[in-house]
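Colleague: Chain residues, written in single-letter form:
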Amino acid sequence: METFLKLLAAWMPVIFGVGFLAPVFAAMLVATGVEAPLGFAPIHVGLAAGLSWGLIAKFTGRWV
Amino acid sequence: MNETTSSVDYSSMSDAELAKAEKEIARKYIGGVPWGMVFWWFANLTIWFALWPLVIFNVIPLWVGFAIACVNVSIAYLPSHEAQHSNFAKVGHPLRWLNELIGRTSTIPLVLPYGVLRLTHMKHHSHTNDPENDPDYGNNAPNAWGAIWNSIKKRQSGSDDDYGKALEKMGQTPEVMAAIYEAIIWRLGHIAILIALAWSGFALEAFFLWFLPKHIGMSHIVFYLSWAPHVPFEKMGRYENTRAWRSKMGNIFSQGMQYHVIHHLHPAIPLFRNGAAYWEMRDILQARGVQIDGL
Numbered sequence: 001m002e003t004f005l006k007l008l009a010a011w012m013p014v015i016f017g018v019g020f021l022a023p024v025f026a027a028m029l030v031a032t033g034v035e036a037p038l039g040f041a042p043i044h045v046g047l048a049a050g051l052s053w054g055l056i057a058k059f060t061g062r063w064v
Numbered sequence: 065m066n067e068t069t070s071s072v073d074y075s076s077m078s079d080a081e082l083a084k085a086e087k088e089i090a091r092k093y094i095g096g097v098p099w100g101m102v103f104w105w106f107a108n109l110t111i112w113f114a115l116w117p118l119v120i121f122n123v124i125p126l127w128v129g130f131a132i133a134c135v136n137v138s139i140a141y142l143p144s145h146e147a148q149h150s151n152f153a154k155v156g157h158p159l160r161w162l163n164e165l166i167g168r169t170s171t172i173p174l175v176l177p178y179g180v181l182r183l184t185h186m187k188h189h190s191h192t193n194d195p196e197n198d199p200d201y202g203n204n205a206p207n208a209w210g211a212i213w214n215s216i217k218k219r220q221s222g223s224d225d226d227y228g229k230a231l232e233k234m235g236q237t238p239e240v241m242a243a244i245y246e247a248i249i250w251r252l253g254h255i256a257i258l259i260a261l262a263w264s265g266f267a268l269e270a271f272f273l274w275f276l277p278k279h280i281g282m283s284h285i286v287f288y289l290s291w292a293p294h295v296p297f298e299k300m301g302r303y304e305n306t307r308a309w310r311s312k313m314g315n316i317f318s319q320g321m322q323y324h325v326i327h328h329l330h331p332a333i334p335l336f337r338n339g340a341a342y343w344e345m346r347d348i349l350q351a352r353g354v355q356i357d358g359l
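Chains as they are written, first to last, in my numbering: chain E, 1 to 64; chain Y, 65 to 359.
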């Protein structure tokens with residue numbers, strides 16, 4: 001259990017980026033009427049941004 | 065608030081006489097259930113929960129909900145704080161259940177578990193400003209903006225967990241282990257709820273009613289409840305570790321923390337009575353060497 005929780009904590013920024021920030025970004029694009037580039041859907045842009053930011057947070061230890 | 069002080073000359077009194085006079089004043093303000101704070105807890109939590117259907121069903125716009133949620137989250141800590149000190153009801157009192165209910169539920173918007181708060185806050189009281197043993201010492205910063213930035217940095221994924229370290233030092237007692245499990249459940253539960261809301265079509269509601277207000281509220285709380293009353297975080301003496309100060313933003317915006325020195329000296333005095341106790345005790349505090357900044 002402890003090992004699982006440590007692993008979960010280590011990857012939490014990525015889980016949070018994909019699980020929460022991605023749909024938030026997508027919803028913000030839709031709400032503000034901003035078109036996603038290259039014909040992508042808002043959620044694709046959200047997932048790319050959320051995953052990237054989550055990975056940065058995981059490996060640098062900082063969100064900002 | 066009656067901002068008048070006593071006509072008694074405390075400057076010539078001995079320490080024992082000052083202690084006696086201080087205790088006599090403190091005793092007048094201790095006791096009874098602080099029903100105003102019970103109302104604060106109930107109203108604040110009710111309003112925050114009500115925001116969700118009100119926003120989701122377009123009764124109020126999201127930006128209004130966001131503004132109200134920021135207030136809700138910012139003031140969610142203090143009812144729990146009274147409960148941490150058992151100020152609603154001590155162990156064995158018929159209303160003890162109310163004390164524990166308020167303690168456990170008032171910080172839901174802040175996602176701060178009661179078990180951790182109570183244990184670490186008692187350490188804060190017994191080791192105020194001690195760099196090694198005060199769990200809140202990490203909130204020190206040389207100036208106001210530094211304090212806010214410091215509080216944001218301390219919420220980063222890779223930053224030091226001061227409360228976790230404090231619990232580790234306390235050893236693996238049943239109380240500590242229960243607090244740790246409670247913290248894990250709260251943290252995972254919060255993230256699971258945010259993710260579930262976001263993927264169910266309520267991403268903006270989750271972001272603007274909970275996630276962002278939580279961070280704004282935490283900055284407010286750390287600034288006013290921890291940094292401002294204890295800056296410069298240098299002295300550890302009973303009459304030196306907390307100051308009395310006049311907030312530029314007023315007593316309500318600073319959540320009564322102008323009088324935080326009273327809380328540190330007499331934690332059993334409820335928040336709403338700290339101001340009156342301060343004004344009656346002010347000359348004694350001055351004679352004791354308390355730092356009084358414009359109040």
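Incorrect hints may appear among the rest.
[Stated by the list, open to error] No farther apart than 25 angstroms at their CA atoms in a straight line, the calculated lysine-lysine pairs in the PhoX-like style are these: (1) Y:Lys84 x E:Lys58; (2) Y:Lys217 x E:Lys6; (3) Y:Lys218 x Y:Lys229; (4) Y:Lys218 x Y:Lys84; (5) Y:Lys218 x Y:Lys154; (6) Y:Lys299 x Y:Lys87; (7) Y:Lys217 x Y:Lys187; (8) E:Lys58 x Y:Lys92; (9) Y:Lys233 x Y:Lys218; (10) Y:Lys87 x Y:Lys229; (11) Y:Lys217 x Y:Lys154; (12) Y:Lys299 x E:Lys58; (13) Y:Lys312 x Y:Lys233; (14) E:Lys6 x Y:Lys229; (15) Y:Lys233 x Y:Lys217; (16) Y:Lys312 x E:Lys6; (17) Y:Lys187 x Y:Lys233; (18) Y:Lys218 x Y:Lys187; (19) Y:Lys312 x Y:Lys299; (20) Y:Lys154 x E:Lys6; (21) Y:Lys229 x Y:Lys217.
[Unchecked claim] According to the in silico footprint, chain Y covers these stretches of chain E (three or more CB under 8 angstroms from chain Y): (22) 5 to 18; (23) 32 to 44; (24) 53 to 63.
Keep in mind the hints are simulated off the structure, nothing from the lab.
Where is the CB? At the ideal position from N, CA and C, for every residue including glycine.
Colleague: Now look at each hint and say whether the structure bears it out.
Modeller: Going down the list of hints, with the structure as the test:
Of the supplied pair hints, the one linking Lys84 of chain Y and Lys58 of chain E is violated, its CA atoms being roughly 55 angstroms apart against a limit of 25 angstroms. Between Lys217 of chain Y and Lys6 of chain E the CA atoms are separated by roughly 21 angstroms; this keeps the pair inside 25 angstroms, and the hint holds. Simply put, Lys218 of chain Y and Lys229 of chain Y have alpha-carbon atoms about 14 angstroms apart, close enough for the 25 angstroms limit, and the pair holds. A hinted pair counts as satisfied when its Cα atoms are at most 25 angstroms apart, and Lys218 of chain Y with Lys84 of chain Y does not qualify at roughly 41 angstroms.
Our distance criterion of 25 angstroms between C-alpha atoms is broken by Lys218 of chain Y and Lys154 of chain Y, whose separation comes to about 33 angstroms. With a C-alpha separation of about 23 angstroms, the suggested pair Lys299 of chain Y and Lys87 of chain Y falls inside the 25 angstroms cut-off, and the hint holds. About 23 angstroms separates the Cα atoms of Lys217 of chain Y and Lys187 of chain Y, which keeps this hinted pair within 25 angstroms; it holds. A C-alpha spacing of about 53 angstroms is found between Lys58 of chain E and Lys92 of chain Y, which places the hinted pair above 25 angstroms, so the restraint is violated.
About 20 angstroms separates the Cα atoms of Lys233 of chain Y and Lys218 of chain Y, which keeps this hinted pair within 25 angstroms; it holds. A hinted pair counts as satisfied when its Cα atoms are at most 25 angstroms apart, and Lys87 of chain Y with Lys229 of chain Y does not qualify at roughly 35 angstroms. With a C-alpha separation of about 36 angstroms, the suggested pairing of Lys217 of chain Y with Lys154 of chain Y is violated against the 25 angstroms cut-off. Distance hint between Lys299 of chain Y and Lys58 of chain E is unfulfilled; the C-alpha atoms sit about 37 angstroms from each other, more than 25 angstroms.
At most 25 angstroms may separate the alpha-carbon atoms for a hinted pair to count; Lys312 of chain Y and Lys233 of chain Y exceed this at roughly 38 angstroms. Note on Lys6 of chain E and Lys229 of chain Y: the hinted pairing holds, with a Cα-Cα distance of about 16 angstroms set against a maximum of 25 angstroms. Our distance criterion of 25 angstroms between C-alpha atoms is met by Lys233 of chain Y and Lys217 of chain Y, whose separation comes to about 23 angstroms. With a CA separation close to 44 angstroms, the supplied pair Lys312 of chain Y and Lys6 of chain E exceeds the 25 angstroms bound.
A distance of roughly 11 angstroms separates the Cα atoms of Lys187 of chain Y and Lys233 of chain Y; the hinted pair therefore holds under the 25 angstroms criterion. For a cut-off of 25 angstroms, the pair hint linking Lys218 of chain Y to Lys187 of chain Y stands: about 19 angstroms separates their Cα positions. A distance of roughly 24 angstroms separates the Cα atoms of Lys312 of chain Y and Lys299 of chain Y; the hinted pair therefore holds under the 25 angstroms criterion. This hinted pair does not check out: Lys154 of chain Y and Lys6 of chain E have alpha carbons roughly 37 angstroms apart, beyond 25 angstroms.
At roughly 17 angstroms between alpha-carbon atoms, Lys229 of chain Y and Lys217 of chain Y fall within 25 angstroms of each other, so this suggested pair holds. Counting residues of the stretch 5 to 18 of chain E whose CB lies closer than 8 angstroms to any CB of chain Y gives 6, which reaches the minimum of 3, so the coverage claim holds. A count of 0 residues in the stretch 32 to 44 of chain E with a Cβ less than 8 angstroms from any Cβ of chain Y is obtained; the coverage claim is therefore unmet, three being the minimum. Counting residues of the stretch 53 to 63 of chain E whose C-beta lies closer than 8 angstroms to any C-beta of chain Y gives 6; at least three are required, and the coverage claim holds.
In summary, the structure is inconsistent with hints 1, 4, 5, 8, 10, 11, 12, 13, 16, 20 and 23 from the numbered list given earlier, while agreeing with the others.
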